[in-house]
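Each chain is listed here by its residues.
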Amino acid sequence: MEYIGEHLLIGEIGNLFLLIAFAFGILSTASYFIAEFKQKDDWRRLGRYAFWMHSIGVIGMVVTLFTMIFNQYFEYHYVWQHSSTELPLRFIFSCFWEGIEGSFMLWMFWHVVLANILLLVIRNWESPVMTVVASIQVFLTSMLLGVYILEYKLGSNPFTVLTREHPDFVNLPIFKMPDYTSVLDGRGLNPLLQNYWMTIHPPTLFLGFSLTMIPFAYAIAGLWRKDYTGWVKPTLSWTFLGIGILGVGILMGGAWAYEALSFGGFWAWDPVENASLVPWLILVGAGHLMLIQRKKGTSLFTLFLLTTLSFILIQYSSFLTKSGILGDSSVHSFTDLGMTGQLAISLLFYVVLSAVLIAWRWKDFPKNENEDHIWSREFWMFMGALILLISAFQIEFSTSFPVINKIFGTNLAQSAERVEYYNKWQLPLAIVISAIIGFGQFLKYKKTDPKDLFKKLSLSIVLSLAIAAITAWAFTITNPLVILFIFTSLFAVLANMDYFIRIVSGKLAHAGSSIAHIGFGLVMLGALISTSQSDVISENTSLYDVSVLGEDFNNNENILLMKDDTLLLGEYFVCYRGKEKEGIFVRYEVDYMQANEEGELESVFTLYPFVQLNPRMGNVAEPYTKHYLDRDIYTHITYAELEEREKSDKFSEHSINLGDTIFGKNTFMVLDSLNRNPSRENRGLSESDLALGANFTLYDVQTNAHQIQPLFVIRDRQYSFSIPDSVPDVGVSISFEGIDPEAESFAFKLKESDPKYKEFIVMKAIIFPWINVLWIGCIIMTLGTFLAVYHRLKKR
Amino acid sequence: MKKTHIIIVVVIAVLIGAMIGAISDSSSYADFEEAFENPESEFHVVGQLVKEKEMIYDPVSNPDLFTFWLRDINGVEKQVLLHKSKPQDFERSEQIVLIGNAKDQVFEANEILMKCPSKYTDGEVQSKESASI
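Line by line, the protein sequences give chains A and B. In terms of the working numbering, the first sequence opens at residue 19 and continues consecutively. In terms of the working numbering, the second sequence opens at residue 90 and continues consecutively.
These are computed hints drawn from the structure, not numbers from a lab. A few of these clues could be false.
[As the list claims (entries may be wrong)] On the chain B side, residues computed to face chain A include the following (Cβ under 8 Å):
no.	residue
1	MET108
2	SER117
3	PRO152
4	ASP178
[Stated by the list, open to error] With a cut-off of at most 20 Å between alpha-carbon atoms, the simulated EDC-like pairs for lysine to aspartate or glutamate come out as follows:
no.	chain 1	residue 1	chain 2	residue 2
5	A	LYS442	B	ASP120
6	B	LYS173	A	GLU389
7	A	LYS581	B	ASP147
8	B	LYS140	A	GLU557
9	B	LYS173	A	ASP650
10	B	LYS92	A	GLU760
11	B	LYS173	A	ASP553
12	B	LYS192	A	ASP553
13	B	LYS91	A	GLU435
14	B	LYS192	A	GLU435
15	A	LYS424	B	ASP120
16	B	LYS142	A	ASP553
17	A	LYS442	B	ASP178
18	A	LYS599	B	ASP120
[What the hints assert, rightly or not] Pulled from the structure, derived: some chain A residues nowhere near chain B, Cβ distances all over 10 Å:
no.	residue
19	PHE88
20	ILE140
21	ILE577
22	LEU586
23	GLU620
24	SER697
Cβ atoms here follow ideal geometry from the backbone N, Cα and C, with glycine treated the same way.
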């Protein structure tokens, strides 16, 4: 069938760019390899030109795909799958990287940007480093090819036309129209990703991922050239830039989870979260080993191990999230696109390459026979790196259960107490790390006098002990490990502040690392206090006794709020005022009140948690949080009846005479008498109205009698209407519809509704104290890292 | 023995400890038969919602209890007490993973993971008037 209006040219252009990127990627890798192997400069130049062509290809692809999404060419599978006409323009970037293909392109794009900056400053390391870089790009580009090689589909192409990707669609009526493109709409973006954090978190995270490539490429180049130490100096700034940006990217993910997801917190030890944290931990270890390497020249094995691992673990994280292997163990992962094999090969290639090179060169590493002194900075930096390695291993091992199951046929699964399990291991490690951060700065290279050290540290130790004691008392913390961690993280903050003021005397040029460490200490402190002291104020405090369900039943985190009822949650009186529908959002108005001096309830703030309606992908509830300087109040709708309850109101019409009885569902009522001159007060009647009242005695289920009097009104002698009367407790309302003079009967309309039904929400409310310490720490850590990188670059 | 060696030994010991700890603290996937044979241990049970059988969520009496029936991969159906509020779009779930343990005749779940028909399931095409074709 011939279609009209398909934009086929742009897809061809996209594929052309893809082909350029792939072909020149291979050419660049090969040329650089030969250049290093034969030490020929013209090959190096060829490699460089090829890499530039490859860069044009990658940037061209990005621009093409973006143009397709922007112009809503739904005839393309990727655009159709991730976008729709109703999607607000501000989420257009999120569409770009929602899918696997787009996220690969984002990753490649950053590699290209970084590699081109690198080419400007690289000097004599170009050939071996760029061989590695270009080879990585070849693997990544191959993920987008979407061609079949002997039955095996290589990659998934982002420029595929919808009807090509789904040949079965041709039979659908919409594709019988030649101009189907004018009516076709996309499937839309996952509602969870329709959040501003999703516009900045992925590119930041991927820039962090990409930055691990540079130390990796240099490390491989160093091993290749047998120059085991020369590669460290040009790598340092990149590594610390990577530490800063990856750290921010991870915390942005946490901020997104905290703002938009329902689990109530910024970190849940989810496999996908772990998969990005672990490479960061390793990169931090590698960066610090690089620092001591510059001073003393040992522990090369650990340095090479950590540097190569940080990039390999990024690849592993890409494998975990994109192969679909995490399947039902994570909420964030992609679905399988049949690329598991290809992803595994790319990962294994670099694992084998690194392992073989390190093993091969090991004997050759320069050895230092003198052991580090225990009171030396290098010793404790090395210890810190080892502890980070242990921490990373512990997290990654448990995260890898699905992979272990696949390889060994086991059926391991993470316990439901995932958070407790990870905390049990990570808390002691974090205590040691924060202590090392505290005193590490005061240690000198080679040897320090312990007496002098303790004298310098005494102020920070005493101060942090005092603040920790006050904090423990204020929050009534009894867990000794938590108190110890509060102490050590405070010590990390204060000791580094002390170092910044007394030793560096506030000079910014040398202050980067102490500022970064202050920030890190604050992140630890904020994370610890906000999570360990978080208070679920919606815990079931109502009449309902949950203990009858068994002693281990303590999952009572949600509370039911009837509309207009007020409940005491923590120190707030909380009232659910009602809901409002606004486009695809249903907002629930939850009012938090406190008693004022006169003892009256006064609204302190109002929160609007909402549900995003999405009939195709499922409705998504998003929390709403009130931020104070010292705490946050998080409120989340866990359950609400979204569909309007079936109109349970039933009408019945009755035509009766005096003395007759109307039978309702739960009531009956007798027409006792008529009143030609009913009371006009409060019934909205004017003096000129003619009104007839019908006096009923209504009996409810308990046979209580109620008197009601609906009115029949003739206004201005022109038109008539009824003023109904009701008994709300019974759920009955009756209106007087008319008079039939001939039959001498009277018409009534009875409305009955379920009196017990009231609108309600089930919600969860949590107070997170001091969570701003975490975010402030994050900003300080980033600034400190960038400051350190900036001054390192300036020195050059 | 040198300090370095002691450190290496300690690190390796901790790494092995972490592995053993991870495995001993782990739960495992099982079907209902195995879960009900070992009521004391925690399992992950994969299955599907039995749509024909009753689902009870009465938030007025307890917002943290939701009862439904799950059919495991072998077709065994058991009643489940989920100690959470009823998840949004529960009826749409294609696959459910429960984490919990058996108690008498019911499975008590503390955690639930659902797989809903995602954006990746194809076969439905939308036109701009947002009617399914």
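Each hint, compared with the structure:
no. : hint                  : result
1   : MET108                : holds (6 Å)
2   : SER117                : holds (5 Å)
3   : PRO152                : holds (4 Å)
4   : ASP178                : holds (4 Å)
5   : LYS442/A <-> ASP120/B : violated (29 Å)
6   : LYS173/B <-> GLU389/A : violated (56 Å)
7   : LYS581/A <-> ASP147/B : holds (16 Å)
8   : LYS140/B <-> GLU557/A : violated (31 Å)
9   : LYS173/B <-> ASP650/A : violated (23 Å)
10  : LYS92/B <-> GLU760/A  : violated (113 Å)
11  : LYS173/B <-> ASP553/A : holds (18 Å)
12  : LYS192/B <-> ASP553/A : violated (30 Å)
13  : LYS91/B <-> GLU435/A  : violated (40 Å)
14  : LYS192/B <-> GLU435/A : holds (19 Å)
15  : LYS424/A <-> ASP120/B : holds (18 Å)
16  : LYS142/B <-> ASP553/A : violated (37 Å)
17  : LYS442/A <-> ASP178/B : violated (34 Å)
18  : LYS599/A <-> ASP120/B : violated (43 Å)
19  : PHE88                 : holds (17 Å)
20  : ILE140                : holds (35 Å)
21  : ILE577                : violated (6 Å)
22  : LEU586                : holds (16 Å)
23  : GLU620                : holds (27 Å)
24  : SER697                : holds (38 Å)
Of the hints listed earlier, those the structure fails to meet are numbers 5, 6, 8, 9, 10, 12, 13, 16, 17, 18 and 21, in rising order.
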